[in-house]
Each structure stands twice: as structure tokens, then as C-alpha cells.
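Undergrad: One-letter residues, chain by chain:
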Amino acid sequence: MSEALRRGALRAGGTLIAPVVFVAAVAALAGVMTAISGYDPQAALGALWRGSLGTKYAVFSATLVRATPLILTGLAVTLAFTAGVMNIGAEGQLLAGATGAIGVGLVAGQSASRWLTLPLELVFGSLAGAAWAFIPAWWRRQFGVLEVISTIMMNFVALYMVGYLVRGPMQEHLRIYPQSDTLPTAARLPILASGMRLHWGFPIACLCSLGLWWTLRFTAAGFRVRVLGSNPDAAQSAALIDIRKTAMRAFLVSGALAGLAGAIEVTGVTYSLYENLSPGYGYTAIAVALVGALNPVLTALSGILFGALEAGAAAMQRDAGVPSVLASVVEASIILLLIAFREVRVPGSVFRRFRARRAQVADSTPTSGRL
Amino acid sequence: MTEAASSFLEATIRTATPLALAALGETIVERAGIINIGLEGMIIAGAFGAAVGAGLASVPGAIVTAMLAGVLCAAILGILVVTLHAEQIVAGTAVTLLALGATGLLYRTTFGTTGVALTIPTAKSIAIPLLSSAPVLGRALFVQPVTTYVAYALVPLLAWWLSRTHAGLSLRAVGENPEAAVAAGVLADRVRWLAVLFGGALGGLSGGCLVVAQVGTFAEGMSAGRGFIAIAIVALGRWSPYGVAVAALLFGAASAVQFVFQSFGWSVPYQLFLALPYLLTLVALAGVTGRHAPPTALGRRWSHTA
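Chains as they are written, first to last, in the numbering used here: chain A, 1 to 371; chain B, 372 to 677.
For the record, the hints were derived by calculation from the structure and aren't laboratory data. Some hints could be false.
[To be verified] Here are the in silico distance ranges between beta carbons for each label pair:
1) A:W214 - B:L455: 51 to 61 Å
2) B:T490 - A:P184: 23 to 33 Å
3) B:T490 - A:R114: 48 to 58 Å
4) B:F632 - A:S194: 48 to 58 Å
5) B:G592 - A:A28: 25 to 35 Å
6) A:G31 - B:T490: 32 to 42 Å
7) B:F635 - A:L116: 40 to 50 Å
8) B:L540 - A:A43: 27 to 37 Å
9) B:G592 - A:P119: 53 to 63 Å
10) A:P184 - B:L455: 47 to 57 Å
Each residue gets a CB set at the ideal place from its N, CA and C atoms; glycine is no exception.
With the hints as constraints, model all of the structure from the sequences given.
TA: This is the structure in C-alpha cells:
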């Protein structure tokens, strides 16, 4: 009993320590980098704090708004990596989802009520994301093409497809700007409370996080996914798990989550489709999932932290003149430090959990023929 | 017609050169059992390195700094993947993100945010005597900047090195069966380190070639996915230098098709041409993989101490 309590306390402690270490590391990295680049680190870090977590307005109108697509794409990567599927294509799946949602929203939003239009948009967005993921999944299954390469290719195809649509068939009716018409009010996700920019997409993302956690932890389907990711040979020889079907389903649901991120972004934030809709959410998602140790609940938390970093970086550019690309340098450094530290044998219970997770990612080599 | 064919070929070679350089480096890396997703980052680092080096010591300086920048990125990947045996795809993705972000940050801090286009001295095309006067092919193939000739030379050189030298054999052994290679006395980690650094140098050269031999300026994100296409080219070229050269030419031709369409005045959405190399990769990989296997240990985490 006391042993279980002790272990529980350690686990909770480990969960709490991770974000604290993360925030400290981000502050240190950002400070050092601004100083190296010749800016005033104190002014920059002050702007970073005020623009992310320092004020109530920043939290509810910048950080959490920015976190919403990061949580959903982070969940997409978490699910894929847990199943041993190297889906690097969340970016393209997000764009496909955004396109699907805008297409439906512009048509249905004219006549149908909000209660019909909004669910249609989100469902179509998810389906479009899943469809975009289906192509590399099917390619892997049919021809053995590595999904690492094909999902990246699909990201570029999605980008140019959106570029074509917003200058061609889906361009706004005045035909001036390379973007689609804006969604009618009935087709927009409402904000949570007046005086903030945060919309209903955030609670939806949190629900997805809990749903994925529960599915992976407590259902047979989730068990199959975890076995597939941690030990495909065992999954194969147990003969109770259809490897190809499980991998395909994980891939499609992963794509649907990324597609939902795109649908929520266009219905809750931008209200129209354009090329630079995503500042690389689908790539940052890999960092989000890794910092979240491939745990859906921690991934949501890590999505919020990354949302804070990106919102703060935007404020830093505005108020202290530091280029906001600093955020991506900090993000990449975090991934590099994380994987480096996970590989170095660090004693202590906090890191034991990380190492156990690492073993799952470790076995997901691209040549092991999972699909 | 001869004129059109010649300029089409010339455009093919010009766009194929940076792809071929990066893909030849990646061939060596993959034959050692490592998939380098960080190649995109090494190309953009090389491009930035060239922009810096050109200011210091014109074209030769640009090429040297481009390769050094690529090697620097490769060293980060090497520490993670070879020394620490980290997951290759995640490590490579991180290197790409780091290089894209860092070059953007450095570009804005060193060259300013005003958006004034940076002009960089470009390498002059060198005509090879006799060969360049051959009809049609001559001007397209043999009036090219020096980087193109480097690519020409590397193809047979690497093919010979891989198949005919002891070092090449060791490298292939590490990529196919690292345990057996170690048992035979090959220093597997050293081989992998050198392969990764070589891949970084060629990736950097590829980026430098973009700046010095093509565009004449640096722009954020100008690598535009070439690293990923190069990885696809390696698979398409079946991990052999000659195959890789042919695959790179195929991609060059796919990009050059748009100039032909423009010259005939056919209107096709230009995004289709931008997407064409990626679509072609998807289709071509489906036709190739399965029939010819990649190095057996490719992407596998492996440690002789474990």
C-alpha cells in the first residue's frame, strides 16, 4: 500500500517536474539565443512572458488559441508514433482538413443552421485529414513505400493544392486576394466567453486528449495499438492482432486528428482558407508529442506550453524586435536535448518513465514493415 | 526545335545538380545504415553558409563555408544518431527544424529585416573545350558551373569507391549487417560518423550550389524540400550512384517541363508544376521499392556495446 502510494507520488512528481524543467529550459535557451543574436535578453524575456502566460488576456487570447491546433496535431503524432507509424504528415493532413471544412462551411453555412453546419465542418475536416493520410498508408501497405518519405511529399502536395485552390476555384468572389471567401457567422466556432479570442475548439481538443488517453489505456483497440508499437514481433506471433489493420486504423485516426486541427483553425480563428494558414503546426507537433512523452494527457499539457512559447515569441517580435523564428530554434533545440538526454543513462525515477516510453519509439524503425 | 531541346536539357541539368549532390551524399549515408532526414537542414545551412562565405572570399570561399555549414549540421546528427544511438527519424527532423529556424534567425540578424535582396557573386559557367561544341547536348551538358562538373565526377568515383575499395566494402557491411562488420574488425561507429559527415558536406555543397550557381541570393527556406526529394531520389536510384544520377535527372526534367510549357504558351496552373516533383516521387517510389531492397540495417538503432 505504502509502496503504491510512494510510486504514485513519484509519478505525480515526475509529471509536474517535466513542465517546470521545460519552462526553465525554454527561458534559458531563449535568453541565451537573444543575447547571442545581439538583443537585450531581459527585454525579450519580459515580452515573452507578458505575451504568453503573464496576463489573463495573453493566456485566453493568444496562448490557448495557439495551443489548440498544436494539441490536436500533437495527439495525431502521439497516436501514430505509439503505433510505430512514422507519420510526419500532420502538416498536410491539417491543410486537407482546413480545405474540407471551408468547402463544407461555405456551402452549408449559407442556408443551414449553426447546429448542422458546425458538426458537418468538423466531420468533413477530419475525414479530409484521414483521406490525406490514407494515401501514404495505402502506399506503404501496397508497395512498401516508407511513410516517412511519402507523408512529407504529401505535405508539399497539400501546400500547393491549397495554393492552387485559393487562386482558382475557391478564390474569394472579388478575385483579388489569394484566399477563400470568409465563412458566414453560422459556420464559425463561437468564442468561449466575451472579451477573449479563445473558441470552442480548445475544449474539443482537450476532450480528444482525454478520449485518446482512455482509448489507448482501457480499450482493446488501444491495447492492440500499444502492442503494435512496442513489440511488433510479439503482435505478429500472438496472431490475435491484425497488424496491417491496426496500423492502418491508427494512421487514419492520426490523420483525422490532424484534419480536425485544420477544421478548427479555419472555423475558430482564420474564417478563411489561405496558403500560410499553418506556421508549421504539423512539424512542431513532433516536438509537442515528444515533450508529452507520447502520453495523450501530457501531450495536451505540452501543447499548451508550446502554444505559450509561440504566442510569446510573436509578442517578443512585436515588443522587443526579436525575430519570431527564434521560437522554432528553441523548439528544435528542445527536441535535440530531449532525445540526447533520453539516450544518456540518467539515474532516477523521473527519467525511468521517459526511458520506458523511449523503448516504444525506439522500436519504430521504418524498415520493420508494419503496414 | 534544336534550340528548345537544348534549353530544356540545360534547365534539366541545372535543376538536377543540387539534387544529385545531396542525393549522392545521402546514398553513402544510407549505405552505412542511416537515414538522414536532416538533409533538408544541411542544404539550407549550406545555402546560408554560402551567403556568408561569398561575402568573405567570393565563390571559392562560398563553397568552402557551405560545406562547413553542412558538416556542422551533420555533426549534430552524428552525436545523436551514431554516438548516442537515438531514433534516426526524430533526430533528423529536429536537425532540419533547427537549421531552418537558425538560418532564418541568423539571416535576419546579420543581413537585416529590411528585405533588401542580398546579391551574391555567382559562379561563371565554364565551357569544356571540344565537348561543348557538340550539337544539342554539348551546350547543355558542358557549359555549366563548376559544381555541375563536381557532380559528374562524383558519380563514377563513388560507384567505384563503393564497389571496388576495401573502405567501400566496410561501409556497405556496416549498413547491411553491423554485427558481422564489427566481428570482422570494422570500426562501425567511425565508419558511420565519416559517412554522416560526408553526407553533410555534400548536403552543404548542394545548398551552396543553389546560391552560387543558380539563384545568386539567399532566402529563408530556399531549400524548399530538396532534401526530402533527394532522399526519395536515393530510393528511386536503388542506392547506387549511377541510379541516383539517373533519378536526379528525371526530377530535373520534371521541373524543367514548366519552361517548355511556358515557351509554348500552354496555360496550366503553375502549382501543378511545383507539386509535380513530389507527385512523381510518390508514383516512382511505388514502382521501385519492394523490387530492390534498401540496406538491411537502414534506420535500425544499433549499438555494438548493447
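Undergrad: Using the C-beta atoms of L540 of chain B and A43 of chain A, is the stated range 27 to 37 Å upheld?
TA: Because 58 Å falls outside the window, the suggested range is violated.
Undergrad: For the range 53 to 63 Å, tell me whether the beta carbons of G592 of chain B and P119 of chain A fit it or not.
TA: 37 Å, violated
Undergrad: Does the Cβ pair F632 of chain B, S194 of chain A satisfy 48 to 58 Å?
TA: Cβ of F632 of chain B to Cβ of S194 of chain A: about 53 Å, so the range 48 to 58 Å holds.
Undergrad: At the C-beta level, are F635 of chain B and L116 of chain A separated by a distance inside 40 to 50 Å?
TA: Holds - the Cβ-Cβ distance for F635 of chain B and L116 of chain A, about 48 Å, lies within 40 to 50 Å.
Undergrad: For the hint 48 to 58 Å, verify it against the beta carbon of T490 of chain B and that of R114 of chain A.
TA: With Cβ atoms ~54 Å apart, the hint holds.
Undergrad: Looking only at beta-carbon atoms, does the pair W214 of chain A, L455 of chain B fall within the given range of 51 to 61 Å?
TA: With a Cβ separation near 34 Å, W214 of chain A and L455 of chain B fall outside 51 to 61 Å, so the hint is violated.
Undergrad: Could you say whether the range 23 to 33 Å given as a hint is met by the Cβ separation of T490 of chain B and P184 of chain A?
TA: Since the Cβ atoms of T490 of chain B and P184 of chain A sit about 48 Å apart, the hinted range of 23 to 33 Å is violated.
Undergrad: Can you let me know if the beta-carbon spacing of P184 of chain A and L455 of chain B is within 47 to 57 Å?
TA: This hint holds: roughly 53 Å between Cβ atoms.
Undergrad: Determine whether the Cβ-Cβ distance between G592 of chain B and A28 of chain A falls within the hinted range of 25 to 35 Å.
TA: For G592 of chain B and A28 of chain A the Cβ distance comes to about 27 Å; the hint holds.
Undergrad: Mind checking the hinted window 32 to 42 Å against the Cβ distance between G31 of chain A and T490 of chain B?
TA: 35 Å Cβ-Cβ, so the 32 to 42 Å window holds.
The structure does not agree with the numbered hints 1, 2, 8, 9 stated previously, though it agrees with the rest.
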